[in-house]
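Chemist: As a plain string of letters, each chain reads:
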Amino acid sequence: MTTTTETTNATATATGTATLTLAKSITAGLRRSMQDDDKVILLGEDIGKLGGVFRVTDGLQAEFGTDRVVDTPLAESGIIGMSVGLAMRGYRPVAEIQFDGFIYPGFDQIVSQVAKLHYRSRGAVRMPITIRVPFGGGIGSVEHHSESPEAYFAHTAGLRVVSCSNPQDAYDMLREAIASDDPVMFFEPKRRYWSKGEVNFEPEETLPLSRARVVSPGSDVTLVAYGPLVATAKDAVAAAADDGVSIELIDLRSIAPIDFDTVAASVRKTGRLVITHEAAQSGGIGGEIAASITERSFNWLEAAPARVTGFDTPYPPAALEEHFLPDLDRILDAVDRVLGRPNSLSDWED
Amino acid sequence: MTTTTETTNATATATGTATLTLAKSITAGLRRSMQDDDKVILLGEDIGKLGGVFRVTDGLQAEFGTDRVVDTPLAESGIIGMSVGLAMRGYRPVAEIQFDGFIYPGFDQIVSQVAKLHYRSRGAVRMPITIRVPFGGGIGSVEHHSESPEAYFAHTAGLRVVSCSNPQDAYDMLREAIASDDPVMFFEPKRRYWSKGEVNFEPEETLPLSRARVVSPGSDVTLVAYGPLVATAKDAVAAAADDGVSIELIDLRSIAPIDFDTVAASVRKTGRLVITHEAAQSGGIGGEIAASITERSFNWLEAAPARVTGFDTPYPPAALEEHFLPDLDRILDAVDRVLGRPNSLSDWED
Amino acid sequence: MLRTTVSNSSDSEVDLLDDRDYVQLIDAEGRRHANPTLDRWIADVSDDQLADLYEDMVVVRRIDVEATALQRQGELGLWPPLLGQEAAQIGSARALRDDDFIMPSYRENGVAYCRNVPLDDLVRVWRGHAHGSWDPTEYRMAIPAVIIGAQTLHAVGYGVGVRMDGADSAVITYFGDGATSQGDTNEAMIFAATYNAPVVFFCQNNHWAISEPVRLQAAKHISERAPGYGIPSIRVDGNDVLAVMAATRIALDRAHRGGGPTFIEAVTYRMGPHTTSDDPTRYRSAEELAEWKAKDPITRLEKYFEDKGIFTDELKARVKAKADSVAAEFRAGCKEMVEPETMSVFDFVQIEANPVLERQRAQYAAYLANFEGED
Amino acid sequence: MLRTTVSNSSDSEVDLLDDRDYVQLIDAEGRRHANPTLDRWIADVSDDQLADLYEDMVVVRRIDVEATALQRQGELGLWPPLLGQEAAQIGSARALRDDDFIMPSYRENGVAYCRNVPLDDLVRVWRGHAHGSWDPTEYRMAIPAVIIGAQTLHAVGYGVGVRMDGADSAVITYFGDGATSQGDTNEAMIFAATYNAPVVFFCQNNHWAISEPVRLQAAKHISERAPGYGIPSIRVDGNDVLAVMAATRIALDRAHRGGGPTFIEAVTYRMGPHTTSDDPTRYRSAEELAEWKAKDPITRLEKYFEDKGIFTDELKARVKAKADSVAAEFRAGCKEMVEPETMSVFDFVQIEANPVLERQRAQYAAYLANFEGED
Ligand SMILES: Cc1ncc(C[n+]2csc(CCOP(=O)(O)OP(=O)(O)O)c2C)c(N)n1
Ligand SMILES: Cc1ncc(C[n+]2csc(CCOP(=O)(O)OP(=O)(O)O)c2C)c(N)n1
Ligand SMILES: [Mg+2]
Ligand SMILES: [Mg+2]
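Residue numbers (the working numbering), protein chains in the order written: chain A, 1 to 350; chain B, 1001 to 1350; chain C, 2001 to 2375; chain D, 3001 to 3375.
Mixed in with the good hints, there may be bad ones.
25 Å max Cα-Cα, derived PhoX-like pairs, lysine-lysine [what the hints assert, rightly or not]: (1) C:K2220 x B:K1049; (2) D:K3316 x D:K3335; (3) A:K49 x D:K3293; (4) C:K2293 x B:K1049.
If you're looking for bench data, these hints aren't it; they were derived computationally from the structure.
Pulled out of the complex, with its shape left as it was, chain A reads as follows:
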């Protein structure tokens, strides 16, 4: 529950560009969405006076009032269930779940109501709800504060699941998520909240929310990452380049649906695929990507897609998290593996 003291001092509509942390670019995105549409309201625990435990909603209650920035009782099912009712009444609720590990009491409302009401009502009901979830590890915190639950939601028809990796995307993607008439699970890479970048508040064109981004083109290996690991993957790209290996890095952005066209196009070029995420390997998004790409592009694959992920353990205590989390070296090791170069599993026999 680290905090940042930085504040954006825009109260009018932000224009032009600014250098912002990822957290503050989300603040800016929330503010802009609230300015553009007075049906947008925020609700969650401690988001008012405190501005949220990460200060993402800092200043918004002062600016928009207690009716639009609503502190809720301590109950996640209540937060989501109330959002459903607000959406039925024509509002666009943006619910904050304080930490990844606290989303499960709200799971039933998300899976059985938010995700299914449009289908259930044969289109009569819309659920333009955005559920913001700071997620992932690497912040040295206690249990339940470092989880990556995105695969649960990606397996739930009716939900869109996205994650941003940099300030500009955070700003753009959040605005598109809030504007979308579909429910969107918006996963925020909490350990990157303090990383800075240039944000253009009025970009001429943005990449649609459902599209993956080719962060850097390459020819030898396709590397897929999202959220917090995009930064780690970038380091891997640079390190591999020093080693003469050209990696094409894809920032998935949309975890459901996955932009397989972009990934497949890359793999058909490189013939090799590495996927990385923090969530446990079994049943994670990596398996879905590997399976789907194999299905679509089997004949182009030179090696089995490799996954660099968290282990099939609960998220460990902080003292051990560096071992659980994919890092530069583990990614490079997998790159070596798909390239058939010497790697930690060279002698491995199944």
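Please build the complex by placing chains B, C and D with the ligands on the supplied structure of chain A, with the hints as guidance.
Modeler: Chains B, C and D with the ligands alone, transformed into the frame defined by chain A:
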């Protein structure tokens, strides 16, 4: 909520063999586990006098009393949370969730407590809890009564997830699940509750719970199924045989962890893999199997593993479920696909 | 302070669960009782209007009979009868203003009838053709919620939205005695109290949650919980249509005036099975059923009319004709229902394009096309 | 009956939240008040024993000071101080029988201290070395629960187990004011009432859930909810160690005798931040804090001793020595803690073999081996 009027009339320990429906073989397994260990107690909604909506616990309250077959208030989180406390006190709770779609209010207790307490306590606490869940579709029921949520749990470290497909396995696997000191999610294929089979109450040897079973050997294609679709897969094996195609059918039984040794051994023989399940495709178990087998046995694969699954939609209304559910023809079509024979996607271009 | 002295809770359970502890206007014998608090809220209800309520109840009971028959004939997969709960549903639904919004569970067919939901839309779900079948905006009534308790939170959110709009409508949410055990229902009371939401929590305590008697859910009257959350509550004879209407009007008026949430426990009885699949003889006694049959909400009104000398042949004929015509329309609507299109299995998952799902749709279309020409 | 007349709930909110409405034995000025109901439950507590309770409170407060300092020095990642809640924790924990089981939240370090949990085990979690650090069976105290409310249901299950064993132990579960909004906590009350479970629900109403004041969670006193579920409740001055002990003994006695659950709301105050990461100046006033500092649970005991002339130098010295020695041991235990083994990340996921996980373990070992010899 269909019912069966059949009752087993054993009150003493069942011996020898008998022909039972799958539902009644579970009844027999519960009874036997309760006879063997008086720490085994059942709890859930309507499991007492009514015997559960599927009559699986029929007669057990009369036999073992209201302290060991406990009707609970209508609250799934309460059922699971209470089971956790009972387990801490040394009991072996067997919780019944009435239908698949009602498990989500208990999701937090399952994911954050049942699954993690052993890890959290560094082994000091054991969670010998069995959570029985009638699951899957094909019974013409209303919403929330036909879901296949197993992948959520398979992605949750600390849980074992299993499903049975026939009366003998139901009896044996349930007993092993209850006897296990790990928490086990026990998925019962509700549409097969009324299918009959021989049950040996005291089998000399049983296949360990974590092991997959090769149901029928074959040489051309490996077909992996579990729970309700094993019967469908068997039909596919027979139909393919008529067509000169030899399918090796594997009943997965354990969905987490998956017995990859057995699956990989088969794929190394056949070079081709088809996986089928009712759950939605994206993020389902099929992707995990395809990815892991590709990882382990890439060089043996002649074609991309194919998945025959539910669609990425909520479970549809009963009038449409035949389209959602994998069936004989869809499985055979996928078998043709991995064999490179003419199939519905012969002209498909990605 | 010490709120309760040390006591053996099982001793007191019996009195606590004494059901006579509720407000009533027309008793099981059809006798009208005065109640100063309630009376002023139904002072405008003439005998003619009472006859209309009677008609509604008879019609709704007839729908149950038809639906049960259709289920037996295989025309419906399942049906949840409200037999015995007619007064609770009609009395509350007829108290609503047109702009009040309804968040129901799955058993509120009587309420839906009052909102003029098309008859075939009442059965579409139970025939397996759809998960939900009407536009909530059109009828100011959400489609039924099957997950127990979930809709109570939706009611609070909707109600908060109503207030933010500056409107004075209310929201009424229906749920059963069993539903009061779910976390969601309790959270809904907490949220409603916190936001002073214009919500009427309408609990039909029909004494059973499938096979579980209400005492498994509640050691005291259900209505005794809400006050602890800061929500006033009313315990009303749920088989007394007039008292239910009065109680609901009180609650609605509070909501309309910005007074916040109210909880109503309507004490009633599920005289039929939980659904057509259920066999209540496994868990409840014939005596109990008989006891409640004597409190039937419809027959007590007939006695009342009888005693007043206004149960005329004309009234009987009118009500019968209405019930017959609704029944005929209901049956026809059910039998003539058009099966949903195959490819609609893929419709309405999301609004924005989902290429992964579109691929599945296209591949399934290709698969089906393969069979064309075959037989 | 109509339980509440129509009223504007926001008007009455203020009185409802008046905190004076609780039982007390020693007030903020250290004055002893008679209370016939409570007095007989602490008749055996001599001034010497009160001095022991005082010592516990001072020691526990000192642990907080040390832990906060260690966090500032980077030795701990986080720490949740209980500053201000010493009386609530010590008074209740010292009322327990040895065989009573504790289901705590994350803030019950004072309770754990009473159960002789090793000092380094109090910080292991906050140092990031483990998620939980003692054997619950050994100390009859579960490891802390971070998910708000979850442990209340565990308490009910454990309590039902106790009864099934034929034992007469009780279970006490600790949770905060915020936790009362979670579905789980409400379900726990329902289940406890249904099964007459020997559970003491001990709510430390410290007036804040991080930045949210208690009135956001509760429109009335928290203690007013339980009776609606059939659970007697006591609202006690949580800064009065003697009253807390008396109330807890009453509740435990009910549980031991098979009388079922009791709810205690201990009205106290979190004088520090929510955790060391929190900045309470963002959301609460200096005045409020000052008001509560005047009600400090420790200084009121000192006044009481003073007035009685028993606050001797000897007592002061003894308590200081104890606090110093605990502090030294605590610091040393924290700093000398051995980092967990790398490969222990894979331990204790499950008991039975998991080949998929074993493969991950082996592959990770192979990966680490790759670096050996490197630098
Ligand atoms: C979360 C959840 N759990 C279980 C069920 C299964 N179920 C359907 S109705 C019912 C009983 C509901 O009882 P009550 O709330 O009293 O309503 P009633 O049926 O009596 O109208 C149960 C347990 C469900 N629909 N949802
Ligand atoms: C399910 C869940 N949601 C949110 C949180 C984050 N959180 C941790 S402590 C806390 C406030 C708890 O307040 P209260 O119950 O009053 O206990 P206190 O901290 O005051 O002791 C919150 C919101 C959590 N731990 N678990
Ligand atoms: Mg009921
Ligand atoms: Mg608090």
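Chemist: For the pair we were handed, K2293 of chain C and K1049 of chain B, check the Cα-Cα distance against 25 Å.
Modeler: Holds, at about 23 Å.
Chemist: Take the C-alpha atoms of K49 of chain A and K3293 of chain D, compute the straight-line distance between them, and say whether it is at most 25 Å.
Modeler: holds, 23 Å
Chemist: For the pair supplied as a hint, K3316 of chain D and K3335 of chain D, is the alpha-carbon distance within the 25 Å limit?
Modeler: Since the Cα atoms of K3316 of chain D and K3335 of chain D sit roughly 28 Å apart, the hinted pair is violated (cutoff 25 Å).
Chemist: Keeping to a limit of 25 Å between CA atoms, is the pair of K2220 of chain C and K1049 of chain B held or broken?
Modeler: holds, 23 Å
Going through the hint list in order, the structure does not satisfy hint 2, though it satisfies all others.
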